[in-house]
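Engineer: What follows is the residue order along each chain.
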Amino acid sequence: MGIEKQDTGLKITKEEVEYVAHLARLDFSEAEKSKFTSQLNDILMYVEKLNQVDTTNVEPMSHAIALQNVFRDDSVHDSLSHDLSLSNAPEARGPFFRVPKVIE
Amino acid sequence: MPYEPVIGLEVHAQLLTETKIFCSCSTQFGAEPNSHTCPVCMGMPGVLPVLNRKVVEYTMKMALATHCRINEACNFARKNYFYPDLPKGYQISQYAQPLSEHGYVDIELDGGKKRIGITRIHMEEDAGKLLHDEHLPSSYVDLNRTGVPLIEIVSEPDMRSTDEAVAYLKRLHEILVYLEICDGNMEEGSFRCDANVSLRPRGEMMFGTRTELKNMNSFRNVQRALDYEIKRQQYILESGQDVIQETRLWDDSKGETQSMRGKEEAHDYRYFPDPDLVPIVIDNAWTEEMKKSLPELPLEKRERFIRDYQIPPYDAGVLTSSRALAGYFEEVARLSGKPKIASNWVMGDVLRFLNEEKRDIKECPVLPGSLAEMIQLIEDGTISGKMAKDIIVEMYRTGKSPQAVIEEKGMIQITDEGTLEKTVAEVIAANPTQLAQYRGGKEKLFGYFVGQVMKATQGKANPQLINELLKEMLAKE
Amino acid sequence: MELHQLTIHELQKLIRSQGIASSDIVKSVFSRIDAVEGNVHAYITLMKEYAFAEAAKADKDVKEGILKPLTGIPIALKDILCTKGFLTTCGSHILHNYVPPYDATVVQKLREAGAVFTGKTNMDEFAMGSSTETSYFGITRNPWDLERIPGGSSGGSAAAVAADECIASIGSDTGGSIRQPAALCGVVGMKPTYGRVSRFGLIAFASSLDQIGPFTKDVEDCAIMMNAIAGYDPRESTSVPLNVPDYTEFISRGIGGWKVGIPKEYFIEGIHPDIEKAMQRAITTVEGLGATCVEISLPHTEYCLAVYYIIAPAEASSNLARYDGVKYGFRPQGSIDLLDMYKKTRSAGFGAEVKRRIMIGTYALSSGYYDAYYKKASQVRALIKRDFTEAFTLCDAILTPTSPTPAFKIGEKMDDPLQMYLSDIFTISTNLAGIPGISVPCGFTKDGLPIGAQFLAGHFEEGKLIQIASAFEKYANIEKRRPAL
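Protein chains in written order, with our numbering: chain Y, 1 to 104; chain P, 1 to 477; chain B, 1 to 485.
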């Protein structure tokens with residue numbers, strides 16, 4: 001047990017943090033950015049240890065329990081009432097959700 | 001330098017299921033906004049998807065109809081990106097393991113046949129719809145379409161002209177509609193197409209830089225957009241510049257493709273297998289079952305029509321353009337026993353009436369049995385072909401059988417020799433001048449006499465009998 | 001004894017013998033809540049009015065002879081479970097005003113079993129945390145020591161049971177979020193096999209790891225709760241269509257002749273000395289029950305945390321993309337355009353830990369890194385699962401500590417995410433392998449903080465866990481203490 005923190009080089013740079021933040025639609029202050037860069041580096045350093053494991057010919061596991069072919073029948077059930085669909089909307093306009101204009 | 005276009009198409013077809021791909025909401029088009037929605041398709045916190053079995057089966061049908069290999073196992077992946085019409089922030093699609101791959105369709109061109117490769121066919125969910133306010137800085141989200149099942153059909157970059165691309169697109173469209181898995185309505189977006197286009201010097205093996213064209217919602221627009229884009233790229237290359245790899249939107253009103261310049265993001269979709277859905281394993285038995293359920297496909301049907309009914313390729317093409325029309329024709333052919341004649345009536349009058357009113361063959365008031373009966377009546381001489389032309393108008397107008405129309409209008413053909421002989425004699429007697437000229441060698445006047453007899457009988461006389469009688473009686477001194 | 005101090009099975013007897021009404025129990029529970037909630041803060045939302053109305057219905061049912069498995073029993077729900085018409089926040093600002101239009105399957109099942117809901121309990125934001133300190137709605141305190149955390153992420157549910165603010169509660173466990181707080185609060189907590197209890201209506205953190213389970217005052221109550229919530233759900237594709245046994249039948253069966261595996265990788269330096277001692281006693285107890293303890297090896301144990309901290313954030317980064325300010329939840333005013341609205345909503349709506357995990361997950365899935373991180377982690381995960389499959393050929397169940405340390409001080413680990421993540425070092429492997437686990441009280445530290453022992457079994461062997469845990473509970477004869485509140 002215990003976490004070996006190696007400080008050999010950066011796994012993730014501030015620029016990468018900015019790119020990833022944009023992908024995730026998050027905004028950070030400069031202070032947050034440097035804090036995150038350092039914390040993410042620690043975590044990524046830590047997970048580096050996975051490279052010690054030989055995974056040749058190991059199928060990646062995406063489910064804890066192997067099931068297959070789970071289907072439902074093609075029959076219509078009631079949709080949500082219109083009011084309920086929009087009841088949590090931060091901003092509704094008539095029967096729609098309103099968002100700032102999307103420029104195409 | 002002569003350039004050669006290289007075109008690949010991505011087609012999205014909405015499947016004709018009753019319910020959405022991962023929930024039990026209706027897929028019906030045109031409902032009140034946000035009324036065909038539930039927690040699942042709205043991406044509410046805590047919901048989970050369960051796959052509609054029909055979606056898999058419909059996709060298998062398309063895969064089989066386009067000679068694709070159906071993968072033994074496939075799964076769903078999440079394609080992650082933010083957009084207001086995508087309520088979960090990811091689209092459930094197939095990525096590394098699609099349902100089917102490596103297929104083809106044959107297209108017919110003036111110069112013969114060409115085979116277009118299909119890279120893959122996979123299942124995915126549709127996104128919702130955005131409406132943009134013309135006056136306010138607002139867009140409005142309607143999630144009714146969210147989760148409607150789609151298949152994406154990706155072609156190889158095998159097409160070398162706009163005509164080939166359009167022919168391929170029409171072939172896919174025809175197959176989808178034939179399989180009754182897509183309504184093919186391009187205006188409502190049930191059948192959509194994006195194109196990848198590049199140019200290269202003829203003879204060159206490497207592909208040039210491509211652009212991706214979007215927003216072409218009719219065959220005509222695909223044609224126009226591709227023609228435009230090919231010319232645009234040719235101009236760029238000829239003036240020594242480089243084509244920029246980008247997405248371009250077709251602007252129908254301006255008739256040009258426009259760059260999305262900068263509005264487009266560098267895509268990093270972060271695909272990974274969807275942990276909420278389990279793999280789909282398709283065994284031989286299931287594939288065989290689907291194979292058996294496939295209808296005869298348009299190309300096979302066309303060839304059979306030409307071979308078995310001895311009708312020209314063009315006619316066979318028209319008659320097999322939809323499964324319903326082909327079925328209609330085959331029913332008339334079978335009941336009448338006269339396929340070629342049946343083909344003429346269906347191609348001619350029936351389709352003309354329907355086209356004039358933009359009606360579908362399924363709504364045709366003239367039932368196949370009635371049309372076959374009419375053909376029989378012509379064959380046995382009860383009515384003339386000329387009379388039939390009038391009768392079928394009535395049949396179409398009223399939906400009545402030919403017998404009923406004939407009885408109502410008193411249109412029985414005069415085939416009684418005695419009655420007709422009398423009329424012929426009267427006609428000859430009433431036209432002494434023409435008779436003299438005819439006998440003097442002006443044989444063209446024979447037609448005049450036929451016309452006069454027809455007129456006297458209101459078109460009901462059997463034309464063959466008139467000919468015989470006239471020939472005989474005009475010759476008599 | 002006050003009514004709120006009793007167990008489900010004790011209260012059931014009282015209700016059945018007509019002596020006690022559900023309304024009395026609910027009244028007792030709410031008077032306890034009034035007395036201690038100010039200190040503990042186990043709840044985000046109380047459902048007092050609703051609870052009394054439901055209790056009245058239960059009383060009517062009892063009079064008419066209708067007795068369901070949980071008739072009239074006050075149960076608390078972690079605020080990660082969707083409740084139709086009741087605020088469901090997931091501990092987050094971004095859902096601070098969200099009222100679901102539907103019930104989670106588990107909520108439905110509990111309703112059908114006659115349960116009366118007392119409220120929605122506090123939790124780490126989106127279940128991301130081991131201390132219930134990341135909640136937007138403030139921290140929950142450990143009833144055994146108000147200076148300390150109750151564990152997490154289901155800290156509110158654990159504390160509510162420990163403080164008698166409900167009779168039993170529901171939590172969710174993605175990497176230990178039921179078992180670790182159960183251990184730290186001195187109650188019983190079970191994480192069932194993945195697919196055993198429906199996830200429909202459980203707000204997703206990491207879909208391939210999340211599982212719902214109960215917190216109870218003893219093992220028999222755990223069996224009763226499992227009977228109510230387990231079972232196949234056609235609304236979930238990963239729900240397993242297997243019959244569910246009556247778990248109460250596993251109580252008092254004994255474990256004579258069992259082999260209990262002691263994984264050597266779980267008994268290493270760094271464990272709190274009092275916990276180590278308690279574990280030694282636990283081994284003796286198990287052997288005293290006629291079982292044999294055998295050393296086993298789970299060779300990939302040291303990689304569990306690394307695997308978990310790729311897979312869970314990766315899935316979370318995608319699961320949490322839906323919180324975009326369009327359909328529900330928080331959206332700040334004054335966005336200049338769509339991108340600005342997204343960023344403002346998510347940056348102000350999520351707390352630091354959630355953002356940190358979204359960042360790790362987004363990075364691990366991003367172009368060029370997928371194979372190195374997500375795929376690699378999924379492969380090692382397969383090896384971890386294989387370790388357990390092989391281990392269970394050698395033993396009937398596995399015994400480990402639940403947590404390496406007892407409840408730590410509030411604020412102690414907030415600035416060191418990796419240290420915080422280590423709290424789950426003994427519980428994470430269970431979620432990765434999809435097997436069930438239970439934490440049962442096994443004593444106290446010198447400072448009087450509860451310690452938990454964890455039992456693990458093979459897929460769908462929750463019955464075995466009830467069997468060994470109930471035997472252990474009886475024989476270990478752990479001193480009956482109550483937190484001094």
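It should be emphasised that the hints constitute simulated quantities derived from the structure, not laboratory data.
Heads up, a few of these hints could be off.
As the list claims (entries may be wrong) - In silico SDA-like links for lysine to any residue, alpha-carbon gap of 25 Å or less: (1) B:Lys-375 - Y:Thr-37; (2) B:Lys-259 - B:Gly-231; (3) Y:Lys-101 - P:Gly-30; (4) P:Lys-301 - P:Asp-360; (5) B:Lys-375 - Y:Thr-13.
Engineer: Run every hint past the structure and note whether it holds.
Structural biologist: For each hint, the structure was consulted:
no. : hint                  : result
1   : B:Lys-375 - Y:Thr-37  : holds (23 Å)
2   : B:Lys-259 - B:Gly-231 : violated (28 Å)
3   : Y:Lys-101 - P:Gly-30  : holds (23 Å)
4   : P:Lys-301 - P:Asp-360 : holds (20 Å)
5   : B:Lys-375 - Y:Thr-13  : holds (22 Å)
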